[in-house]
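Trainee: Just add 5 to wherever you are in the sequence shown, counting from 1, and you've got the working numbering.
No false leads were slipped in.
Simulated restraints, written as ranges between beta carbons of each label pair: (1) A124 x E41: 29 to 39 Å; (2) R96 x Q118: 28 to 38 Å; (3) R84 x D43: 16 to 26 Å; (4) L15 x D43: 18 to 28 Å; (5) I121 x V35: 35 to 45 Å; (6) L15 x W78: 15 to 25 Å; (7) P33 x R125: 40 to 50 Å.
Simulated from the structure, these hints should not be mistaken for laboratory data. Just so you know, these numbers come straight off a predicted model, no measurement behind them. Where is the CB? At the ideal position from N, CA and C, for every residue including glycine.
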Amino acid sequence: MMPDERPFDLDLSRQAWTEALELTNGLPAVVPDRAEVDRLTGRLRGPVELLAAELEAVIEAQLDSSDRETARWLLIRTRRVLGEGQGPNHRTAAVHVEDLALSCRALATLRHQLAIWNARAGQRPLSRIS
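Put together the whole structure using the sequences plus the hints.
Mentor: In structure tokens:
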């Protein structure tokens, strides 16, 4: 791990994605408070970036072909979400935080599955996948 990187914290990330999904549950009819959207966007962006980087680092070596295709799709979607940002208004910002939350949850699930597969195979965890 690089000195300026924080390790992935599943509990904090789970809390953030749960809050974000609860907050955006009323979309599209109800647009949530922008300050809450911004707060949760800030809490989710770092973990999503970290998880995407971890998955990119292990995708070829650790996954069979069907899982690899799913992981590639998830990475493409995640990179698109990260690249698009919050957009021009409150509604697009709310959709963005919802997308970050869903991406974070999916990436964390895949990360956990990789750790289980590595343990079953008797492999050492990779540098960041635990």
